[in-house]
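Peer 1: Given the sequences, and given the hints that come with them, work out the whole structure.
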Amino acid sequence: MPRIRALDAAQPFDYEAKIMEMHEKISKLKIGIVGFGNYGQFLAKTLICQGHTVLAHSRSDYSDIAVKIGVSFLRDPHDLCEEHPEVILHCTLIISTESVLRSLPTQRLKRNTLFVDVLSVKEIPKNLFLQILPREFDVLCTHPMFGPESGKDGWKGLPFVYEKVRIGSDEYREDRCQKFLDIFAKEGCRMVEMSCSEHDRHAAESQFITHTVGRMLGKLELQSTPINTKGYETLLNLVENTSGDSFDIYYGLFMYNVNSTEQIERLDAAFDSLKRQLYGHLHDVLRKQLFGTGKGSENLHRLAPPALSQWVCTGSHGM
1 MPRIRALDAA
11 QPFDYEAKIM
21 EMHEKISKLK
31 IGIVGFGNYG
41 QFLAKTLICQ
51 GHTVLAHSRS
61 DYSDIAVKIG
71 VSFLRDPHDL
81 CEEHPEVILH
91 CTLIISTESV
101 LRSLPTQRLK
111 RNTLFVDVLS
121 VKEIPKNLFL
131 QILPREFDVL
141 CTHPMFGPES
151 GKDGWKGLPF
161 VYEKVRIGSD
171 EYREDRCQKF
181 LDIFAKEGCR
191 MVEMSCSEHD
201 RHAAESQFIT
211 HTVGRMLGKL
221 ELQSTPINTK
231 GYETLLNLVE
241 NTSGDSFDIY
251 YGLFMYNVNS
261 TEQIERLDAA
271 FDSLKRQLYG
281 HLHDVLRKQL
291 FGTGKGSENL
301 HRLAPPALSQ
311 WVCTGSHGM
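Quick note on the numbering used here: the sequence shown kicks off at 1 and runs consecutively.
Don't take every hint at face value.
BS3-like mimics (lysine-lysine), calculated; alpha carbons at most 27 Å apart, straight line [to be verified]: (1) Lys30 - Lys219; (2) Lys28 - Lys68; (3) Lys110 - Lys179; (4) Lys152 - Lys110; (5) Lys45 - Lys68; (6) Lys230 - Lys45; (7) Lys28 - Lys288; (8) Lys28 - Lys179.
No lab work stands behind these hints: they were computed from the structure. As the structure is a computational prediction, the values presented were derived from the model and not from experiment.
Peer 2: In structure tokens:
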């Protein structure tokens with residue numbers, strides 16, 4: 001009688017594993033990225049790692065990079081739309097958002113496709129999506145408040161802001177929206193649901209100020225020294241983190257956020273106030289003693305605002 005070998009024996013059917021496998025497949029999305037520059041590539045790597053199917057389209061040819069990441073790159077937007085991605089992830093610059101949206105052959109997409117943006121300002125893209133896209137499409141406005149530099153070591157604890165602008169009420173569309181948000185939640189992001197208008201108010205006070213100060217310091221061409229303090233290291237890191245973005249991105253933060261002009265004016269007024277406070281505490285006699293030749297007074301005349309220069313030269317100490 002022949003012996004029954006292990007390979008010949010009936011193998012148990014692992015129902016639990018099969019169910020989990022089916023659930024994994026169902027939970028994955030087919031995502032089309034429009035705008036496959038640095039930021040689109042940055043997001044695509046995580047999408048691929050989580051098992052989602054990712055397609056990409058861009059004006060420039062990123063075919064080689066896409067292959068390395070595991071993304072299908074399509075040069076023609078018609079080809080992208082004919083693949084019927086469940087989600088269109090808009091990763092272009094804010095200055096080109098309208099033209100890109102209008103150029104997409106949306107008639108080739110499924111009528112309930114979810115459109116998502118990841119731009120640094122929110123009210124403008126929200127309004128453009130509502131104006132240009134067919135009413136049948138869902139709209140989710142988001143801002144992952146990190147990039148390739150700040151998010152290179154993981155996204156845990158980093159803020160992800162979003163507003164469900166227009167999501168269909170049926171279970172499939174609500175579930176699809178949640179699946180997309182779960183991409184960032186699974187990476188440990190701090191999920192913040194917030195209106196686009198409120199986001200822009202906060203962003204002008206935080207993100208725009210940060211980028212402005214970083215670029216101002218960049219103009220000074222600061223260099224590392226043998227005696228760096230922790231504070232100075234922080235400034236150097238700020239310059240590094242902000243100088244990596246193109247000027248177009250920074251300009252978009254200014255041009256397309258109505259709150260940014262006020263912040264520029266506040267910065268200017270604050271610096272002027274600080275200078276006046278410094279010069280207001282100077283004593284001309286003491287300066288002459290410190291410098292010995294009165295050069296300090298000459299420097300004050302050159303550097304100080306006109307009113308304070310006159311105050312220094314006339315010796316009016318207010319005492």
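Peer 1: Of the numbered hints stated earlier in the document, which are not met by this structure?
Peer 2: The structure breaks hints 1, 4, 6 and 7; every other hint is satisfied.
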